[in-house]
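Student: Which chain is which? The protein sequence lines are V and Y, in order.
In terms of our numbering, the first sequence opens at residue 1 and continues consecutively.
In terms of our numbering, the second sequence opens at residue 1 and continues consecutively.
Please note that a few of the clues may not be correct.
Pairs of lysine to any residue residues, derived as SDA-like cross-links and limited to a Cα-Cα distance of at most 25 angstroms, are as follows [claimed, not checked]:
id : chain 1 : residue 1 : chain 2 : residue 2
1  : Y       : 41        : V       : 63
2  : V       : 19        : Y       : 5
3  : Y       : 36        : Y       : 108
4  : Y       : 36        : V       : 38
5  : Y       : 141       : V       : 62
6  : Y       : 189       : V       : 14
7  : V       : 19        : Y       : 36
8  : Y       : 36        : V       : 63
9  : V       : 22        : Y       : 18
10 : Y       : 36        : V       : 9
11 : V       : 56        : Y       : 251
12 : V       : 56        : Y       : 203
13 : V       : 56        : Y       : 63
14 : Y       : 41        : Y       : 189
15 : V       : 56        : Y       : 224
16 : Y       : 41        : Y       : 9
17 : Y       : 189       : Y       : 209
18 : Y       : 41        : Y       : 77
19 : Y       : 189       : Y       : 203
20 : Y       : 189       : V       : 54
21 : Y       : 41        : V       : 22
22 : V       : 19        : Y       : 11
These are computed hints drawn from the structure, not numbers from a lab.
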Amino acid sequence: MRSFVLIYDTARAHLVERKSFKEIDRALVYRFAAERRFASESSFEIVVVLAESLAKLRQSHPRYFVEELTDRPGRGRG
Amino acid sequence: MFVGDHAPTLPTAEGLVRAATGGAPWNLSGRLKTEKSTIEKLRRLRTRLSTMQDIVGLRVLVPSVTIQDWTLSELQGALRVRRIDDLRERPRFGYRAVHVIVDIGEIPVEIQVRTFLEHGWADYMERLADAVGRDIRYGAKPTDPNARSIYDAMLEESELSRERAISERGMVSSYRELVARTRELHAIKSSGNVHWEEVIPEELDFEQEERKLTEQFNHDFLSVIEQYQGEMVWLQDHARDLAEGRIPFEPGVEWP
């Protein structure tokens, strides 16, 4: 299983960043640093998800990959 | 760092659930609760961090409701179950799934067991909630008429899934009964204790009968899965419309 850190802007339905780690501890360190980095972004959601592969992650957490369903990025709101 | 303390439990729980569900051939994932949703939940339920049972969460996706039943039974047999929230019969504002809270060591872990269709529904509702307001997941209604009509259609869709579950379980149960009956008759015939020719046609080939039943069942079961997939496409199309702004609406919710 790989550990993915996803940084998602809920207001724009936009995946800001995706990082993948072999070790969950390293993913967690990255998540906490990202939470500090984006502390002022109230619409950002920063999550650590474990999945077998990126393809399986897209199935289990499709909401973060909405842009891949569409021809243009995000909802363009806000 | 409370959430960080729970991190080692996630891969452990994942391994145990994978083993319990025969290698989880469909989809198994895990997550640590985000800071944002942790704070949101603490505020909403006026609870304490130490009592939260879903800091560590796993998600098992399965194709249909009878496979969901099987998965649930395997989890109960293999893990220390603290509580089961079966939201299929009593959905939470339209959301249906089974949540199993287990203890891994001293840490509670929430395992969400969802059918693909329940998952598609939940994902679309999350997207709608992102666009309209997060509280629609807890009973608030969208104020905008377009958003409200999508929301109402989602609740209707959720109601339909109950009927689908009853129908699928009925189909599986009929198949099992027919196979059991065929085997029973076969055993009676083989025992030689009764004049079986009086009740069972002499030429009946039991193995062939069972094969025919199984072929028919497999065909019917695949039709059910295809029907689910059709409805997933419906949800996916709506999600695309929502993402691309083809259904215009203003954010905002109100409590009934």
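Student: Hints the structure violates: just list their numbers, smallest first.
Tutor: When the structure is compared with the hints, numbers 6, 11, 12, 14, 18, 20 and 21 turn out to be violated.
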